[in-house]
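Asks: In case you want the letters, here they are:
2 protein chains.
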Amino acid sequence: MKSDIEIARSVTPKPIVEIGAKLGIPYESLHPYGHHIAKVSNEFIAAQAERPDGKLILVTAINPTPAGEGKTTTTVGLGDGLTRIGKKAAIALREPSLGPCFGVKGGAAGGGWAQVIPMEAINLHFTGDFHAITSAHNLLAAMLDNHIYWGNTLDIDPRRVAWRRVMDMNDRALRSIVSSLGGVSNGFPREDGFDITVASEVMAVFCLATDLADLEARLARMVVAETRGKGSVTAGDLKASPSMTVLLKDAFQPNLVQTLEGTPAFVHGGPFANIAHGCNSVRATRTALKLADYVVTEAGFGADLGAEKFFDIKCRKAGLAPDAAVIVATVRALKMHGGVKKEDLGKENLAALEAGFANLARHVENVGKFGVPAVVGINKFVSDTDAELQLIVDLCRDKLGAKAIVCTHWGEGSKGSEELARAVVEIAEGPKAGGFKPLYPSEMPLLTKVETIAKEIYRAGSVVADSKIKKRFKDLEAAGYGDLPICVAKTQSSFSADPEIKGAPTGHAIPIREVRLSAGAGFLVVICGDIMTMPGLPKIPSAEHIRLGADGQIEGLS
Amino acid sequence: MKSDIEIARSVTPKPIVEIGAKLGIPYESLHPYGHHIAKVSNEFIAAQAERPDGKLILVTAINPTPAGEGKTTTTVGLGDGLTRIGKKAAIALREPSLGPCFGVKGGAAGGGWAQVIPMEAINLHFTGDFHAITSAHNLLAAMLDNHIYWGNTLDIDPRRVAWRRVMDMNDRALRSIVSSLGGVSNGFPREDGFDITVASEVMAVFCLATDLADLEARLARMVVAETRGKGSVTAGDLKASPSMTVLLKDAFQPNLVQTLEGTPAFVHGGPFANIAHGCNSVRATRTALKLADYVVTEAGFGADLGAEKFFDIKCRKAGLAPDAAVIVATVRALKMHGGVKKEDLGKENLAALEAGFANLARHVENVGKFGVPAVVGINKFVSDTDAELQLIVDLCRDKLGAKAIVCTHWGEGSKGSEELARAVVEIAEGPKAGGFKPLYPSEMPLLTKVETIAKEIYRAGSVVADSKIKKRFKDLEAAGYGDLPICVAKTQSSFSADPEIKGAPTGHAIPIREVRLSAGAGFLVVICGDIMTMPGLPKIPSAEHIRLGADGQIEGLS
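Protein sequence lines, in the order shown, are assigned to chains E and B.
Numbers 8 to 565, taken from this note's numbering, label the letters of the first sequence in order.
Numbers 8 to 565, taken from this note's numbering, label the letters of the second sequence in order.
Since the hints were derived computationally from the structure, they do not count as laboratory data.
No experiment lies behind these values; they were computed from the predicted model shown.
Be aware that a few hints might be false.
SDA-like mimics (lysine to any residue), calculated; alpha carbons at most 20 Å apart, straight line [unchecked claim]:
#: 1; chain 1: B; residue 1: K246; chain 2: E; residue 2: S36
#: 2; chain 1: B; residue 1: K546; chain 2: E; residue 2: P196
#: 3; chain 1: B; residue 1: K546; chain 2: E; residue 2: S36
#: 4; chain 1: B; residue 1: K246; chain 2: E; residue 2: A368
#: 5; chain 1: B; residue 1: K546; chain 2: E; residue 2: G158
#: 6; chain 1: B; residue 1: K21; chain 2: E; residue 2: L402
#: 7; chain 1: E; residue 1: K21; chain 2: B; residue 2: H42
#: 8; chain 1: E; residue 1: K246; chain 2: B; residue 2: Y156
#: 9; chain 1: B; residue 1: K546; chain 2: E; residue 2: S192
#: 10; chain 1: B; residue 1: K546; chain 2: E; residue 2: V111
#: 11; chain 1: E; residue 1: K246; chain 2: B; residue 2: G543
#: 12; chain 1: E; residue 1: K546; chain 2: B; residue 2: Y156
#: 13; chain 1: B; residue 1: K246; chain 2: E; residue 2: G563
#: 14; chain 1: E; residue 1: K410; chain 2: E; residue 2: P445
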């Protein structure tokens with residue numbers, strides 16, 4: 008069987024000008040990066056403002072398990088399937104982070120015959136967007152310490168600097184450091200640390216900004232420290248936001264690539280899905296909607312976190328109205344939710360599958376609460392039996408009144424996603440489309456918003472918030488942040504806050520540990536568990552196997 | 008008077024395919040980055056190996072002063088001048104570093120009517136080469152600490168890790184840190200720090216490597232730490248060099264841009280000129296030599312450091328044979344070498360000029376020691392008087408037997424450098440060309456090499472090396488590094504090790520503080536003074552003034 012990278016290389020990509028032409032983008036408005044990648048110019052995007060929007064389709068999933076779901080693969084497959092049935096389709100995906108490619112994970116450009124290409128470029132430096140975000144973030148950090156060094160007229164409390172530094176690398180040694188050591192000329196020693204670039208608030212801002220002016224305004228609002236008098240210090244106070252915007256200007260133009268079948272794909276921005284909202288840029292999604300009749304996009308993690316944030320943060324703030332959703336599940340993952348161990352997944356087990364179905368069922372119900380009609384996409388694995396696949400289809404129909412479609416795009420490309428594409432068109436153009444609404448109103452009190460998400464989506468019995476957390480919410484409301492949406496950071500592996508609890512638990516407690524303000528991005532991060540913002544490398548990192556082959560091609564990346 | 012950025016924008020750049028066509032590079036072999044920048048493919052470069060080389064012209068300068076010399080401006084002007092007189096010319100320059108643009112300095116793409124464009128892109132992210140170098144460097148750092156974390160089978164002594172981390176930012180807070188704090192899961196705390204990316208040995212390796220295989224081999228040889236038994240640990244031992252090469256693969260292709268007059272310019276690589284050799288990549292220079300009849304390149308700092316390293320490190324190791332040199336001087340800078348203060352430079356002062364001429368005279372003599380014929384380029388400033396300009400011309404003719412040409416390319420473009428171009432062609436095609444030889448043989452003992460440079464180039468009376476330094480040289484010779492060339496790191500402002508001593512001092516002492524092995528780059532760094540490898544920001548950094556204007560264009564960058 009061919010590896011992803013072998014399949015990707017077996018297809019000759021079309022010149023990017025041809026892909027742009029499919030969407031009506033003229034050559035002059037494409038800024039090429041080589042012959043198969045281009046950015047779409049800010050000027051061209053501005054000129055499309057009055058065009059009507061296409062249909063927006065969200066691809067989300069059950070709670071992820073080590074068995075894998077294939078959400079990105081299904082997003083790509085659905086885009087190709089829509090193209091196959093005659094729709095003018097485009098895909099909008101997150102950009103992968105470079106650092107983790109050298110740790111354990113493979114690429115993040117889909118798989119099998121449902122990939123975006125050129126996958127090596129996309130997985131590594133691509134068009135340098137993340138490097139630009141790293142530079143902008145660290146310029147602000149340098150200006151902050153420089154301000155303290157040269158007299159600290161803003162009276163920043165060096166113990167209360169919230170702005171860490173970032174690097175697009177898995178490097179545990181940088182999680183916690185003491186900086187400015189070495190004497191007078193190096194500043195005032197203080198505790199500091201690095202996060203991985205995708206965890207930067209600049210990334211979240213970049214992905215939610217509608218245009219360059221909005222980008223600069225959001226950057227200016229980011230809170231980076233407190234004064235000794237407990238006042239907020241922002242990037243704007245440090246006069247950093249204009250030059251940060253300059254560093255981000257080119258990166259802000261969405262990247263255009265193609266699927267193996269030549270469907271246009273926008274791959275742009277990639278914020279963390281825990282402390283941020285986990286979707287590709289608003290800029291890319293809106294551009295795609297102006298240029299295509301169907302836009303397929305994905306959200307991070309399972310639907311409890313990813314879809315909820317997509318709807319309540321991204322769609323609410325960007326004025327997007329999704330027309331349909333696809334919830335991706337696999338037989339293997341549902342069996343794990345039904346209690347099967349990973350090593351036993353090869354055996355047919357209808358009882359466990361039916362038990363695990365509860366996880367899928369709840370996600371389908373949840374998506375319905377946002378007024379978005381959904382269809383289930385079953386991403387077929389070779390080990391799945393016909394009886395298992397049929398059981399999911401039957402359960403979806405009988406218990407949820409929902410269509411479930413077995414998809415084989417991984418092995419067959421759009422031939423294997425054509426039926427899914429037809430089902431999506433049916434609901435997106437059917438009577439249930441057009442009813443999107445966020446889960447909670449913006450004016451709801453902050454703690455009540457968290458309780459609403461916990462009750463409606465996680466089916467928790469309670470939210471545990473101590474007096475300090477409750478005071479923090481009150482303070483934030485008093486400071487004018489009461490209308491912000493909530494971004495919950497909790498485990499992606501369960502509806503609960505405990506990654507070990509599979510299936511569809513109810514009545515559990517959601518404990519709030521900490522609340523962080525992302526004033527530039529425009530949401531409050533409510534932390535309900537251990538959140539790692541700087542990964543480490545494993546004992547044998549994949550970096551040890553990534554190399555140039557004798558033919559000059561990259562080996563070991565997938 | 009128009010600013011550099013205004014001049015740059017007043018010219019409509021030609022499509023980069025037209026610039027490539029001037030050098031015979033087909034469209035398919037150009038990897039465009041937008042419409043005015045391209046990389047030249049590794050495959051195309053490999054296919055040119057059998058073509059004859061053009062003439063190589065080095066632009067160097069007197070010891071720099073705060074008055075400025077205009078070395079890059081003259082390099083660009085000379086390239087345009089050669090084009091004007093009918094030569095097929097190309098330019099090879101260093102890439103500017105992004106970080107310092109936000110500190111005090113302006114761009115590094117020339118000035119006036121002698122610039123390479125698009126200057127904003129070149130000065131900021133450009134094609135991402137420095138980001139790739141940052142990533143490769145920091146991947147190695149992460150793999151090193153990860154190796155220690157997971158059991159340290161190589162027995163690395165954490166107190167003897169020489170491999171710091173890098174960032175392309177002026178950030179004094181990172182010069183000296185303690186890393187891996189915060190508990191067991193973050194590793195073993197140790198002293199660490201960051202340099203600016205251009206100071207990375209990866210940058211020096213990148214700029215001296217001849218092809219991708221050589222790049223990988225050099226990266227593998229880099230010494231990053233010592234074991235507890237004092238053995239060397241290399242990037243190859245950590246299995247990092249293959250994946251680092253993958254990260255550098257695209258960056259390694261030289262960048263092609265153009266001057267305001269449309270002369271092709273390769274802008275590629277930019278190592279520090281103190282702890283490294285300070286020239287653009289061998290890859291770019293050799294590619295340019297295959298494609299053009301005349302290639303104009305520059306070296307860092309004054310000729311005592313820059314030209315000496317260009318000849319003894321880059322040319323020796325890459326098998327390049329420069330045909331002529333231009334030594335850039337200005338009336339203002341020579342007056343400073345003659346004792347005039349910066350605030351008095353506007354007044355005519357022939358006596359000081361004649362005194363300061365000694366600095367220029369020595370550089371002309373020094374370049375002659377390498378068997379390279381030279382001409383003096385006087386970069387004219389508006390405050391220069393006719394008598395001052397004539398005095399330099401007369402002194403060069405009478406005392407040095409050298410031509411000195413007054414150049415006005417800054418204000419007039421190639422019209423102002425035509426005469427310089429004719430003078431360069433005359434010597435490059437004359438009887439004195441073709442005699443290039445390095446200053447010292449590779450097999451000379453290491454300390455003797457340093458003494459040779461100090462005596463012949465700096466005209467020092469002695470080299471001061473204590474017993475520890477002498478032992479270090481002996482140890483390095485015993486370890487097989489005796490044939491490496493020397494890379495002196497000392498002040499650029501004087502022939503001596505004291506930046507305050509202007510003019511042409513003799514008999515001074517050159518004290519060696521430290522010797523560092525750059526085993527991958529292939530030279531020994533001999534440190535003779537304070538060397539800053541991570542700059543800081545000034546009290547009012549230029550970042551506070553860099554912004555997007557209402558028209559979407561960058562303001563404040565120059």
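Asks: Now, for every hint given, state plainly whether the structure supports it.
Replies: Checked hints:
Pair hint K246/B plus S36/E does not hold up; C-alpha atoms about 43 Å apart against a cutoff of 20 Å. A distance of roughly 19 Å separates the Cα atoms of K546/B and P196/E; the hinted pair therefore holds under the 20 Å criterion. Straight-line distance between C-alpha atoms of K546/B and S36/E comes to about 40 Å, which puts the hinted pair past the 20 Å bound. Restraint check for K246/B and A368/E: the C-alpha separation of about 47 Å exceeds 20 Å, so the hint is violated.
Of the supplied pair hints, the one linking K546/B and G158/E holds, its CA atoms being roughly 9 Å apart against a limit of 20 Å. About 63 Å separates the Cα atoms of K21/B and L402/E, which puts this hinted pair outside 20 Å; it is violated. At most 20 Å may separate the alpha-carbon atoms for a hinted pair to count; K21/E and H42/B meet this at roughly 19 Å. Taken as a hint, the K246/E and Y156/B pair is broken in the structure, with Cα atoms around 40 Å apart against an allowance of 20 Å.
In summary, the hint linking K546/B to S192/E is supported, as the alpha carbons are separated by about 13 Å, within the 20 Å threshold. Distance hint between K546/B and V111/E is unfulfilled; the C-alpha atoms sit about 43 Å from each other, more than 20 Å. Taking the CA atoms of K246/E and G543/B, the gap is about 17 Å. The hint holds against a cut of 20 Å. Taking the CA atoms of K546/E and Y156/B, the gap is near 8 Å; set against the 20 Å cutoff, the hint holds.
Pair hint K246/B plus G563/E holds up; C-alpha atoms about 14 Å apart against a cutoff of 20 Å. Of the pairs offered as hints, the one joining K410/E and P445/E is violated, with about 24 Å between alpha carbons and a cut-off of 20 Å exceeded.
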